[in-house]
Amino acid sequence: DAKTTQPNSMESNEEEPVHLPCNHSTISGTDYIHWYRQLPSQGPEYVIHGLTSNVNNRMASLAIAEDRKSSTLILHRATLRDAAVYYCILRDNSNNDMRFGAGTRLTVKP
Amino acid sequence: DTEVTQTPKHLVMGMTNKKSLKCEQHMGHRAMYWYKQKAKKPPELMFVYSYEKLSINESVPSRFSPECPNSSLLNLHLHALQPEDSALYLCASSQETGLNNEQFFGPGTRLTVL
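Protein sequences appear in the order of chains U and E. Using the working numbering, you'd call the opening residue of the first sequence number 401 and step up by one each time. Using the working numbering, you'd call the opening residue of the second sequence number 272 and step up by one each time.
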């Protein structure tokens with residue numbers, strides 16, 4: 401299975417943009433890149449996913465490197481409610497499960 | 272209705288007890304999942320059901336027994352658990368199991384085994 405590497409933790413100030421990196425150097429051509437987040441005392445929540453092109457939705461943007469070996473989740477204006485663990489996950493074409501890595505714990509300071 | 276519900280929220284059980292966790296969704300999803308999450312760790316996949324049939328069992332001990340009575344319901348039957356099985360048990364669902372499908376998670380059942 402292709403693996404992802406994320407920083408253990410990051411800090412951001414409220415109302416500033418946040419760029420959360422993810423390395424996936426062994427990604428295969430058909431792997432989708434998914435991002436989920438888990439707020440304290442809640443189940444994980446879907447954020448965004450993509451294959452090759454950059455993606456935008458109401459929650460965030462996903463920037464995917466041209467060689468697809470890395471990606472960045474962008475929160476355009478962090479709020480206190482965005483404090484969570486953010487997981488970058490590769491969905492492998494060889495099976496249909498979803499394997500979470502360690503994730504990045506994002507702290508947002510007022 | 273875009274919600275996955277799980278009952279109970281909390282459960283305390285002894286090692287000789289039999290109990291069940293319940294998960295329900297009314298989004299018409301045909302894939303449902305059980306995950307286990309220990310404190311300060313990421314969720315770990317346990318089981319995947321697709322169209323009410325078990326499609327993935329991640330080598331989970333037989334003291335955990337999943338059941339999918341219909342497309343909206345997913346149960347996890349627990350018997351003879353160990354204290355190390357104490358964890359947050361998360362249920363999720365998705366339209367199908369394909370790579371392009373997002374999963375919707377419930378809030379989890381926090382299980383304590385004494």
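Be aware that a few hints might be false.
Capping the alpha-carbon separation at 30 Å, the derived lysine-lysine pairs in DSS-like fashion look like this [what the hints assert, rightly or not]:
1. E:K311 to E:K290
2. E:K324 to U:K509
3. E:K311 to E:K289
4. U:K469 to E:K293
5. E:K289 to U:K403
6. E:K309 to E:K324
7. E:K280 to E:K312
8. E:K280 to E:K324
9. E:K309 to U:K403
10. E:K289 to E:K312
11. E:K309 to E:K290
12. E:K290 to E:K312
13. E:K290 to E:K280
14. E:K311 to E:K280
15. U:K403 to U:K469
16. E:K312 to E:K324
17. U:K509 to E:K312
18. U:K509 to E:K290
19. E:K309 to E:K289
20. E:K293 to E:K312
21. E:K293 to E:K311
22. E:K290 to E:K324
23. U:K403 to E:K290
24. U:K469 to E:K324
25. E:K293 to E:K280
26. E:K324 to E:K289
27. E:K312 to U:K469
Don't read these hints as lab results, they were simulated from the structure.
Taking the hints in turn, this is what the structure says about them:
1. E:K311 to E:K290: Distance of about 25 Å is within 30 Å: holds.
2. E:K324 to U:K509: violated (46 Å)
3. E:K311 to E:K289: At roughly 27 Å apart (the allowed maximum being 30 Å), K289 (chain E) and K311 (chain E) satisfy the hint.
4. U:K469 to E:K293: violated (39 Å)
5. E:K289 to U:K403: violated (37 Å)
6. E:K309 to E:K324: Between K309 (chain E) and K324 (chain E) the Cα gap is close to 27 Å, so the pair holds against 30 Å.
7. E:K280 to E:K312: Answer holds: K280 (chain E) to K312 (chain E) is near 19 Å, not above 30 Å.
8. E:K280 to E:K324: holds (26 Å)
9. E:K309 to U:K403: holds (21 Å)
10. E:K289 to E:K312: Roughly 26 Å between the alpha carbons, so the hint for K289 (chain E) and K312 (chain E) holds.
11. E:K309 to E:K290: holds (19 Å)
12. E:K290 to E:K312: holds (24 Å)
13. E:K290 to E:K280: holds (13 Å)
14. E:K311 to E:K280: Between K311 (chain E) and K280 (chain E) the Cα gap is close to 19 Å, so the pair holds against 30 Å.
15. U:K403 to U:K469: holds (11 Å)
16. E:K312 to E:K324: Measuring from Cα to Cα gives roughly 28 Å; hence the hint holds.
17. U:K509 to E:K312: Given pair K509 (chain U), K312 (chain E) holds - Cα atoms ~23 Å apart, limit 30 Å.
18. U:K509 to E:K290: Judged against 30 Å, a Cα distance of about 42 Å means the pair is violated.
19. E:K309 to E:K289: Since the Cα atoms of K309 (chain E) and K289 (chain E) sit roughly 21 Å apart, the hinted pair holds (cutoff 30 Å).
20. E:K293 to E:K312: Distance of about 23 Å is within 30 Å: holds.
21. E:K293 to E:K311: Since the Cα atoms of K293 (chain E) and K311 (chain E) sit roughly 24 Å apart, the hinted pair holds (cutoff 30 Å).
22. E:K290 to E:K324: holds (22 Å)
23. U:K403 to E:K290: violated (36 Å)
24. U:K469 to E:K324: violated (35 Å)
25. E:K293 to E:K280: Roughly 10 Å separates the two Cα atoms, so the pair holds.
26. E:K324 to E:K289: Given pair K324 (chain E), K289 (chain E) holds - Cα atoms ~23 Å apart, limit 30 Å.
27. E:K312 to U:K469: Holds: K312 (chain E) and K469 (chain U) sit about 25 Å apart, inside 30 Å.
In this structure, the hints that do not hold are numbers 2, 4, 5, 18, 23, 24, in rising order.
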